[in-house]
Amino acid sequence: MRALLRRLGVYLLAAWVALTVSFLLPRVVPGNPVAGAVARASQSGNCNSQCVEAIEAQLGFNVHTSLWDQYVQYWGNLGHGNLGQSWSENASVSSLIISYLPWTLGLLLIATAVSFIAGTAVGVLMAWRRGSWLDWVLPVATFFSALPYFFLALVLVLILGKTGTMLKVFPSLFGYDIYGVTPGLNGPYIASIIGHAILPAVTVVLASTAGFILAMRNNMITTMDEDFVLVAQAKGLPAKWVIWYAARNALLPVVANFTVAISLVVAGQILVEIVFNYPGIGFHLYDALGKLDYSLVQGIFVVITLVVLAANLLADVVYVLIDPRARQMA
Amino acid sequence: MTINSTSLTVIPPVAGPTPELVLRRTRILRLPRSPKVIAGLVILVLFGLLAIIGRWIAPYSPNATDQQHWVQHVLVPGTGAATGFPASYYPLPLPPSAAHWLGTTVFAQDVWSQLLAATQATVVVGLLAAAIATVLSVLFGVTAGYLGGGADEGLSLIANVFLAIPGLPLLIVLADYVPSAGSSVVLVASIIAVTTWAYTSRTLRAQTLSLRNRDFVEASRVMGEGRLRIILVEVLPNLVPIVAASFLFTALSAIGAYVAIAFLGLAGSPTSSPPGLWNWGEMLREGFANNAVRGGWWWWWAPPGLCIALLGTGLALLNFGIDEFINPRLRTAGLSRKTARKAGIGTRPKLGMTPVAHHPPVAVASVRTVAEASRLRDTAEPVLEIRGLSVDYGYDEEAVHAVVDCDLVLRRGQVLGLAGESGSGKTTLALAAIRLLRAPALISAGQVLFHSKPISGDGPAGTIDMLSATDDQLRAIRWSEIAVVLQSSLNALNPVITIGAQFDDLLRVHRPALAESARWARSGALLDMVGMNADRLRSYPHELSGGMRQRAMIAMAIALEPQVMILDEPTTALDVVTQREILQELIGLRDRIGFATLFITHDLSLLVELADEIAVMYAGRLMERAPATSLFHAPRLPYTYALLHCFPPMHGPRVPMEGLKGSPPDMRDLPPGCAFHPRCQWALPRCRQEVPRLAPLNGSPREVACWLHREGTTVPPELAQPEPASMRPRRPETVGQAGGT
Ligand SMILES: Nc1ncnc2c1ncn2[C@@H]1O[C@H](COP(=O)(O)OP(=O)(O)OP(=O)(O)O)[C@@H](O)[C@H]1O
Ligand code: SF4
Ligand SMILES: [Mg+2]
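Respectively, the protein sequence lines represent chains A and B. Take the first sequence: its letters are residues 0 to 329, numbered as in numbering that gives the first Met the number 0. Take the second sequence: its letters are residues 0 to 740, numbered as in numbering that gives the first Met the number 0.
I should point out that these hints are in silico values taken from the structure, not numbers from a laboratory. One or more of the hints may lead you astray.
[Stated by the list, open to error] Just the calculated beta-carbon pair ranges, DEER-fashion:
no., chain 1, residue 1, chain 2, residue 2, range
1, A, 193, B, 82, 22 to 30 Å
2, B, 542, A, 189, 45 to 53 Å
3, B, 295, A, 247, 43 to 51 Å
4, B, 37, A, 98, 49 to 57 Å
5, B, 347, A, 247, 21 to 29 Å
6, B, 305, A, 197, 23 to 31 Å
7, A, 108, B, 454, 53 to 61 Å
8, A, 101, B, 217, 50 to 58 Å
9, B, 217, A, 138, 36 to 44 Å
10, A, 186, B, 86, 32 to 40 Å
11, A, 120, B, 221, 47 to 55 Å
12, B, 270, A, 189, 41 to 49 Å
Just so you know, these numbers come straight off a predicted model, no measurement behind them. Just so you know, even glycine gets a beta-carbon here, dropped at the ideal spot from N, CA and C.
My request is simple: use the sequences and hints to build the entire structure.
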């Protein structure tokens, strides 16, 4: 348990850092660039008076309390789940985020699960069948792992998307058909959600699988050189068992490095949502940035950080479950 | 993108997959010359050049509008009367032409010129961010790893916190509050560096930690060198490959991050004030915002995207080269169909079955009779016959010939010792016999016949040609008839499953009739036989000591009552007392079950107690073979003589040490003639040219490969000692006491 508690401590600290950064940034950045931005934006009509007021209030212009008092108040608000008010949507940030989250989490979970499973499987196969045609997956995967998610999204929209110019098979705008169906528990709505999720999910899967493939292939090749794999072969175990033994061990570093992987996938998905106008947290982050809705931007940042930290904790728990050495320490 | 994985800092480094990264004192980074690395370098150099000279070769200013060619007001596809979207109009971007190689944007700007300007900014920001991040991670990682203790805890905590916070969202928030960042390369790069340094810092810390305890660093510390000096002179040079990998990895992340924030419009627009820089992300943003995809204006948005992917691929390929340098296991390529055909391998090689070249199946019956007829004087019948076996590592001209033309016969119930210096090919020879060698091994010539008479179970009986056996046949023989205890049994057990499970899989495969409870009971009984408590079945390997693991392996090896046991230095990693105990047990088991043993060791004095016959190997060839006592007391080969005099014998009369001059030969570059001649004190001129063959020594049941023992030469007295009076090897009961005399 001790190792896990320590990890939990790291994540709590990380959460505190993220929240504090998000508190301090608007208040201490020199030259008050936000105010400058407000001024520019209100000139060009991008920011109405409500917007200016909201931003000023958030920056603490009219608040004659010390930074510390504001900080205490900030935490008090957080404790009540109060992330502030979004002027552009005229609603509380937390309620807005709660309505965005299912889209993002659904896409993230499905896409990460698919790419993790597919990526590890292909990586194992590549290590197993070295010297076969599968070697060609390596350069292809390298190329895909270097491709920015949003660029891949653009290409997929062009080729497959209904808003593209070529095959026009899958819907490629919004989370569901906003003109054709009514939200609720009805068949057409659900079907529409699934249809609209296909391209974004395919994008995230295509872009993130490559990383898992490469990592798993390398670990697998290294592991297959271990003595215990040689012993498994000397024992006359069927090839599939031998591969399973090796894969089970090769998976450990992949799980241990999940932190990095999940951060990359989340970052990628934010951009994918923007390309598809997919109504998740990433798209609304972009939207809020454009509207200078700073409370919404910060709220979203905080929630994304918390989601990633939770995913990390989950990966740690899984690690402890699959590695007896870590279990002993934990 | 992968850097070789190091695990979570608090959870101990996982076994195996974390490779020993740095082996020697100061290694230079010499990249393998593979197509991957070359392609990567070419791509990087190309972009580097474009970044430098782009400014001068750009035909237009990236912001200039080409009024002359501008065609205005075109309906955006997908809008207008029939579509339900309100009609909207855009200027029409021009497709590629002589005037505009990559066409124009919707603002009639030249895409090629923009791309060149963008290449410069993107590459510079990427490299700068990577440089800053690398400096940060080296500072944090190396200091933490080197200082250890509280400093390590603190620094690692900071790195771990940064690692846990997702980079892009943090970057977005930071860039959002510093809008002027877009116009400052340094500011953008610094912000990106802050969000990307932590990962490599962790890798570096782990590496430094392991370096810290290496001999040479330890030595400098003892000599009183200053900390900073040790870090700079001893530690850092060893980290060069990892730092280089980190640099490439962060450069790739940084370019990805820069492009991403630019795509979000957070890196400053080139047309705003202060102006941001043209970069690939900004180009994509403009394209996306102006419906370039829907409009089918691919020349606008495809080039920057492809540039990102191409540059990323270049960095990743180069990183592959570094990975392969750090971890050579990744380098050995698989055996492709083409190589296999060239090397003369008939069937497609299977995992775990060493391929065999040019092997006509042996007409088993006839060979057997020949073998038996020519060996009339042998009383015990052969169980494993190796004839003319040669093994290469590698499939082409550069292959290492690790075993050349070796003959070896193992007889039922006997112990055959195989001795020789490190690297002489003992393990290769033994494992080749059961086709257990891994790529790039290739059995290039010879025969291996296994005359099977199963002791128990339903394994195959009769003579089996091991080199043309199918994988199913081999699997049936492995362990059930021929078991192996590997040289380093410390890693021979699968770390993530219990000892019990590792007995169980064996019994399940080879004794399918046994019920689960019977398998469990049998496993417990086996552990008991080697002096371990049956409760240990529930333990994981890491919970056992080295000696216990070795015992568990031996218990596993006898589980199926094999006819042949290959023991490859079964006790090297253990202390002397445990060694003795384990040998005792092995001999006891041998007497009980009656398996034949191929016993591999460096230690000739050990063999003389155990073995009936000893074979001595040098540079891949068998050089002398004799009954154990004859070989020990009256060696005929200069090499054997030297071997016997280089270790102080563990027991028996002390002989003055003369030792073995020089070091074992480099197998890739063997001297001509007798490979031992540079180290042989009796070398003849002939030895430099002709390879001596193993031949019977007149009148005795022993063979030697040495020109000294051919007609016309006088044999030095050291090599002509009288044969000892016929002696049976000592029985096991005496082994334990022998040490005391
Ligand atoms: N995978 C490989 N690729 C290339 N060469 C190899 C490989 N494995 C072994 N060799 C070479 O083959 C030779 C024989 O190696 P082998 O492991 O059989 O020696 P050994 O006699 O068992 O030595 P030791 O006593 O150290 O175990 C060595 O010179 C070694 O360098
Ligand atoms: S053949 Fe020549 S070099 Fe080789 S061991 Fe004999 S005497 Fe020495
Ligand atoms: Mg060996």
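Outcome of the hint check:
no.: 1; hint: A:193 - B:82: 22 to 30 Å; in the structure: holds (25 Å)
no.: 2; hint: B:542 - A:189: 45 to 53 Å; in the structure: holds (51 Å)
no.: 3; hint: B:295 - A:247: 43 to 51 Å; in the structure: holds (49 Å)
no.: 4; hint: B:37 - A:98: 49 to 57 Å; in the structure: holds (52 Å)
no.: 5; hint: B:347 - A:247: 21 to 29 Å; in the structure: holds (26 Å)
no.: 6; hint: B:305 - A:197: 23 to 31 Å; in the structure: holds (25 Å)
no.: 7; hint: A:108 - B:454: 53 to 61 Å; in the structure: holds (55 Å)
no.: 8; hint: A:101 - B:217: 50 to 58 Å; in the structure: holds (56 Å)
no.: 9; hint: B:217 - A:138: 36 to 44 Å; in the structure: holds (43 Å)
no.: 10; hint: A:186 - B:86: 32 to 40 Å; in the structure: holds (34 Å)
no.: 11; hint: A:120 - B:221: 47 to 55 Å; in the structure: holds (50 Å)
no.: 12; hint: B:270 - A:189: 41 to 49 Å; in the structure: holds (44 Å)
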